[in-house]
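Q: Using the sequences and the hints, build the whole thing.
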Amino acid sequence: MGNGASLALPASAALADAEARVERRVGAAILELSSISLAFGGVRALSDVSFEVREHEIRAIIGPNGAGKSSMLNVINGVYRPQQGTITFRGVQRRDMVPHEAAAMGIARTFQNIALFKGMTVLDNIMTGRNLKMKASVVEQALWIGRARREELANRAKAEEIIDFLEIQHIRKTPVGRLPYGLQKRVELARALAAEPTLLLLDEPMAGMNVEEKQDMCRFILDVNEQYGTTIVLIEHDMGVVMDISDRVVVLDYGRKIGDGTPDDVRSNQAVIDAYLGVAR
Amino acid sequence: MTFFFEVLIGGLLSGVMYSLVALGFVLIYKASGVFNFAQGALVFLAALTFVGLKEQGLPFPLAIAVTLAVMIVVALLTERWVLRRLVNQPQISLFMATIGLTFFLEGLTQAVWGSNPRALELGITDQPIDWLLDRTGVVVSQFDLVAAVVAGVMVAALAVFFQKTRIGRGLRAVADDHQAAQSIGIPLQVIWAYVWAVAGFVALVSGLIWGARNGVQFALTFTALKALPVLILGGFESVPGAIVGGLIIGAAEKLAEVYLGPMVGGGIEGWVAYVIALLFLLVRPEGLFGERRIDRV
Amino acid sequence: MLYREAGQFKTSYAADQQIFPIRQDRIAVVAVLLVAFVAVPLVASQYWFSAILIPFLIFSLAAVGLNLLTGYAGQISLGTAAFMAVGAFAAYNLVLRIPGIPLLVAFVLAGGFAALVGAVFGLPSLRIKGFYLAVATLAAQFFVVWALVKFPWFSNHSTSGVITAQKMSLLGMELDTPREKYLLTLTIVVLMALAAKNLVRSNIGRAWMAVRDMDVAAEVIGFRLVSTKLIAFAVSSFYCGVAGALYAYAYLGTVEPEGFTLDLSFRILFMIIIGGIGSILGSFLGAAFIVLLPVVLNVAVHGANDVLQSAFSFSLPASLTSNLELMVFGGLIIFFLIVEPHGLARLWQIGKEKMRLWPFPH
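Those protein sequences? They're chains G, R and S, same order as listed.
The first sequence runs 1 to 281 under our numbering.
The second sequence runs 1001 to 1297 under our numbering.
The third sequence runs 2001 to 2362 under our numbering.
Since the hints were made in silico from the structure, they are not lab data.
Don't take each hint at face value.
[Said to hold, decoys possible] Here are the simulated distance ranges between beta carbons:
#1 G:PRO180 <-> S:VAL2032: 33 to 41 Å
#2 S:GLY2253 <-> R:ASN1116: 26 to 34 Å
#3 G:ILE145 <-> S:LEU2293: 32 to 40 Å
#4 G:GLN93 <-> R:GLN1182: 50 to 58 Å
#5 R:GLN1189 <-> G:MET243: 25 to 33 Å
[Stated by the list, open to error] Think about it this way: if two alpha-carbon atoms lie no more than 27 Å apart in a straight line, the pair counts; the simulated BS3-like pairs of lysine-lysine are:
#6 G:LYS158 <-> G:LYS173
#7 G:LYS214 <-> G:LYS173
#8 G:LYS118 <-> S:LYS2354
#9 G:LYS133 <-> S:LYS2197
#10 S:LYS2197 <-> G:LYS173
[To be verified] The following residues of chain G were derived to be distant from chain S, with all beta-carbon distances above 12 Å:
#11 ALA39
#12 ARG44
#13 PRO64
#14 GLY85
#15 GLN141
#16 GLU160
#17 MET209
#18 ILE245
Each residue gets a CB set at the ideal place from its N, CA and C atoms; glycine is no exception.
A: Put into structure tokens, the structure is as follows:
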């Protein structure tokens, strides 16, 4: 299943999963993190963390607050530079990432505290996600001719596909600052999807949502993974969600990895229970 | 060699004058997080009010007292009408409001007292200190020395105030986070009123010294601008930084003018301070004594 | 009921992306342009052209430039006047030293020089933000003015750097009446404003707003901070440079470096604060306000003076007008920041929202 090869969205995006479910074929490792250590001044955020993420899978990162989960995502897409360790993405090994290079290589993400551009509408925010596809020069843009015009309209069409997919047509011209929290999170997901990423990093996508909103978000995440084959790494606290939708789980505690495996493995891992899960129910 | 020392000392002493103005900025920034562009206008207002009152015949001490009262009233009104309404706005809005305040105060001052340049007599002469001249051949004006001493005393007093007193701590809390300070019961408005009043007093002292040095005229408002490079070097929140920054900028400016100026035709005093500040910003944005900020994502 | 969008359905993205998607807006804009291009030249007096309309247009252009940099891209600049000075002196030197150069080419190249200078002084924005950046632009302001005075080549060795703009000629026609200068300025400003509107709704406009709103996220999405910021400085300075050239050629006729003061930079900043940060329309509204205010104040003070003179034989001091101007400016800035931080443009928008519902209350 080509990942991001086509956003040719079948009209059946919103139809029941039963009809559109495609077998997910989990492939080889697409992202490998090796002995990552990250410290801020005297604070060790991550210590010697290694794991890999396989293509087309949904990988969850869980752990108590302060375990270093967000820091891990920040390392993957270059917001933080680790002091030690390497990152290998699609076969290319490097010491660290630079954010816009990560974006160019097909990594997109959402943030824990919503990093939408508050001064712009929903549609504009999603269009920013398309910026890497727009090559027209400033002069062409000023004159609204040629490449600038074509690109703008073509990318508008793509953005609209995502708007349809995530069912946010009714708010496309609303300034994002006016939206309720749950919708803002959805818009942030839309912006990340707009880049047609190979790897999608989601930082607590369901935080602060009620049950219905969580169900919607789960559905969208699963759809993204099935429809476009996007590999997903997600940080999440809701264990029900994690167990339901993820293929494999990494557990962090105080910056160290204490568990790595399928949800069932992790659920019965004593170290994980002690540190985070509590008594297994 | 003597010439170099004279230039250096001249620079240091003019730096002291910058520091005086910078102190007013630091006070307000430290306590309310606002960069008060209007400090220069306050200096102007203080100087002109004092001179105007003396011209009306008031004796020196009374003129000082009345001017101080005027400064405090202006401070309180500013807090009540301007700052209070802008409590939660971003820093840049507050900055632009103080630019507006500058224009307003300039217009008001001149409307009341007229726009002719005036001289300000403080009774301290600008003559060289004789025993120094006799011993080392270096020319240092008595006036400059007095200014330096005054600045030193003020810095010491303010430093003690901020570190040791309860109000000082409250001020630092407010500078860090308005809402948090309010929520633990610190009376924001009272604190701000205090701070602006003290800044007004600092403006008065600066105004007297600058006015005596350069005459009281409209250009005094632009001393505010000269304080900016000082603050960048010293850090916006540091009282000792204002002094150190002022000394460095004052000395560097004079030395640059004398030694580098002739290479490009002179007149570089107007902008060399900014270029120094700019280079500094690229290397150490928080200043020599400032605090590093880390942004969390 | 006049301003409803009901019935205006867009059937293509191109239609939806128009600058003025609502039909009533389009009609209004066409009407305004007709008035500006046709009616005004027929009825306005010399005074109106030279003292009000032309400076209004020129300052609007500079305000648009500053708005692109500060309003859309979030980079504070106090050096606007310096970039205007570069434009003015560049145009002068181009016309002086390249005989036969077409006027518009000279203006475009002058803007180009201003853009270069702008990009250089914009380099600090790569490391510093907020009003530290304002300080860096102050360095630009003072340095440029000093350089233009210090190196006599710029002003063709005239005393204190004064230059007199050459006569303008376009397609063989001499442009020397106020009406002709007005039409030239109007055309240039309208075209450049249109270009600005195009920029802000395109990729670069979104890049600027993203960098303004949250630059870390912008980088993560793939925007290059360096080029986005430098392009902002360059484009903004281009606009200011052309405005500066027009300032010299179509307005004052004679300029000197010292005339491009910090005060002028502040004035243009005030225009965008009052008019609306992040709004092209706001730049025009703010410029109109700031250009008209001294005129209005002057009339008011003279009127009051006449009354006081005849009633009480008392006359106001001569400098009152200028001091009053300072006070009103300052007071208005504070007023707008408190009451409507998004300026006149937001008030305009609110007005339009009310118009949509009229005659219904909600």
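Q: Hint by hint, say whether it matches the structure.
A: Quick rundown of the hints versus the structure:
1. G:PRO180 <-> S:VAL2032: 33 to 41 Å: The hint (33 to 41 Å, Cβ to Cβ) holds, given that G:PRO180 and S:VAL2032 are roughly 38 Å apart.
2. S:GLY2253 <-> R:ASN1116: 26 to 34 Å: holds (31 Å)
3. G:ILE145 <-> S:LEU2293: 32 to 40 Å: With Cβ atoms ~39 Å apart, the hint holds.
4. G:GLN93 <-> R:GLN1182: 50 to 58 Å: holds (51 Å)
5. R:GLN1189 <-> G:MET243: 25 to 33 Å: violated (53 Å)
6. G:LYS158 <-> G:LYS173: With Cα atoms ~16 Å apart, G:LYS158 and G:LYS173 stay inside 27 Å; holds.
7. G:LYS214 <-> G:LYS173: holds (24 Å)
8. G:LYS118 <-> S:LYS2354: holds (24 Å)
9. G:LYS133 <-> S:LYS2197: The hint holds at about 21 Å.
10. S:LYS2197 <-> G:LYS173: holds (18 Å)
11. ALA39: holds (20 Å)
12. ARG44: holds (22 Å)
13. PRO64: holds (25 Å)
14. GLY85: Label holds. Min Cβ-Cβ 20 Å, cutoff 12 Å.
15. GLN141: Since the minimum Cβ distance to chain S is about 4 Å, G:GLN141 lies within 12 Å and the statement is violated.
16. GLU160: At roughly 8 Å from the nearest Cβ of chain S, G:GLU160 sits no farther out than 12 Å, so the non-interface label is violated.
17. MET209: The claim stands: G:MET209 keeps its Cβ more than 12 Å from every Cβ of chain S (closest is about 21 Å).
18. ILE245: For G:ILE245, whose nearest Cβ neighbour in chain S is about 24 Å away, the distance exceeds 12 Å, so it holds.
Hint violations for this structure: numbers 5, 15, 16, all remaining hints satisfied.
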